[in-house]
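Just so you know, the sequences run in chain order A and B. First residue of the first sequence: -3, per the working numbering; consecutive thereafter. First residue of the second sequence: 36, per the working numbering; consecutive thereafter.
A hint or two may mislead.
[Unchecked claim] As a list, the in silico EDC-like pairs of lysine to aspartate or glutamate whose alpha-carbon atoms are at most 20 Å apart:
no., chain 1, residue 1, chain 2, residue 2
1, A, K69, A, D86
2, A, K180, A, E210
3, A, K69, A, E55
4, B, K126, B, E146
5, A, K69, B, E146
6, A, K88, B, E238
7, A, K154, A, D177
8, A, K69, B, D107
9, A, K216, A, E51
[Stated by the list, open to error] To list a few chain B residues with every Cβ distance to chain A over 10 Å, as calculated:
no., residue
10, L75
11, S76
12, S101
13, R200
14, N204
15, L214
16, E238
17, R241
18, V243
19, A245
20, E247
21, T291
[Claimed, not checked] Pairwise CB distance ranges (calculated):
no., chain 1, residue 1, chain 2, residue 2, range
22, A, N166, B, R234, 38 to 46 Å
23, B, R234, A, V9, 22 to 30 Å
24, B, L205, A, A135, 44 to 52 Å
By construction, these hints were calculated from the structure, which means they are not laboratory data. Note that the Cβ used here is the ideal one computed from N, Cα and C, for glycine as well.
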Amino acid sequence: MIELHRVWKTYEVGPVKIPALSDVSFQVLRGEFVVLTGASGAGKTTLLRLLYRDEVPSEGDIEVLGTALTRLKPSAVSALRRALGVVFQDAKLLPGRTVYENIAFVLRVTGTPRREITARVFDALRAVGLSARAQSYPAQLSQGEAQRAALARAIARKPALLLADEPTGNLDDVMAAEVLDVVKDIWERGTTVVLATHQARLVRVLRRRTLVLEGGRLVKDEG
Amino acid sequence: MLGFLISEAVRDCRRAGRVAASAVLLIALSLVALGGFWVLSANLGYAVAEWRDRVRIIVYLKRELSSVEATDLRERVEALGDVASVAYVGKAQALSALKRTLGTNASVLDELPANPLPASLEVTPAPAAATPEGAHALIERLQRLPEAEEVAGGVEWVERLAQWRRLLNLAGAGVGAVLGLAAIVTVTTATTLVLHARRQEAEIMRLVGAPESAIRLPLLLQGMMQGLLGAGLALVLLVAAYRVVGPRVEPLLTLTIGLPRLEFLPVPALAALLVAGTVLGGLGGVLARSGRDR
């Protein structure tokens, strides 16, 4: 499903080189739930951005869903991303559209046939327990609901792999638990999940395979 | 997908608000200017063509000719070359023609003691000679006829009319180009504002794997819609101006250049204006997109 081989990522700011990832290698198998953890600045977000090809590695090879990302043409990036679901710390919902429209919009721009859209939007909303909020605007949602709406948007296209970057970072414990329950549900339905978090308590609660990053290096792979 | 792209483009137009409205107005103004000059130029063109067909050289004769002499002279003139036709107009015929022209005032001619009008030959040059140089050469040959008293006519003024038309075309193209450029800049600005407003949307679209066409096409469509709207507005304004101004200037045109009525633009020209507006708008949309890509 995911394979990284000796991946390095260095940002250059003028003459200064800032290493974000150093010699990272690991594999994630189909159906796994992997937690990526480490302090802020450890390289979690950079690693996820490499996985959805928002960044390219400075060195090393990455394969996601059988596609070698290092040599991927820019024109093929959109095809890769259509097979992924991505959620972020901020839900990134479009403020001028309702929850329903936010999800339908993504389905439409990725070429889902029009007649399937309503059913798929409500399937996704049911999966995250948000059917009743379909006509609400993002400003009318709690942060937990907004994050669940973002998850619904990510899974509406039935992705094989869900990448979640600090999805509970802005939430209190109750809301975080709700969002985690939704992520676990998604995983139990067969989607491979990679979840990045800096919250140690979450890692303990989840009790899944955990990759620990420190200063851009993978220092632990346990569970 | 096309329906979605169009609905997004409409949404973008609404977002651009006043700037989009300004762009539509500027496109309309540039096309009104272009269309207005086009109407004038086309009508001058009709007048030039009409007058080219009606160019006559009049050879005033020293005296009235008998029918045998007139036939002989006609044959000699036809043999000069570059002549399409020759007609002999006797003194009485000339007087009748003048009476017809004067209409109700023709009675003044009855007061004359004698017919003062000379007999003449009306020479129609062949199409090849209907140029200033050709007409000059023909006039020189006609002046050498022993029966000729005076030779009048030529095509210089028709050529001047044609020159005015060329000048009008140039001015129309110039004004249209300047306004068209301003329209492109305004559409670009409107589209850039929309781009700014939908930056987050574009980011999300890219993250979920929307094809670039789904991100870029609404911008192009937005520009094209503004262009088409501006062109439509321009056509409405042109038709309105034609309806209001046309009847007022027609008598003047008839008197000066002999056009019976002011013609409006033909359908292909109207279609060309619509296409021009759409292209102007589309160009603005494309340029804004390039700016974002940088």
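Review point. Hint by hint, which ones does the structure fall short of?
Key: 1, 2, 5, 8, 9, 16, 17, 18, 19, 20, 22, 24
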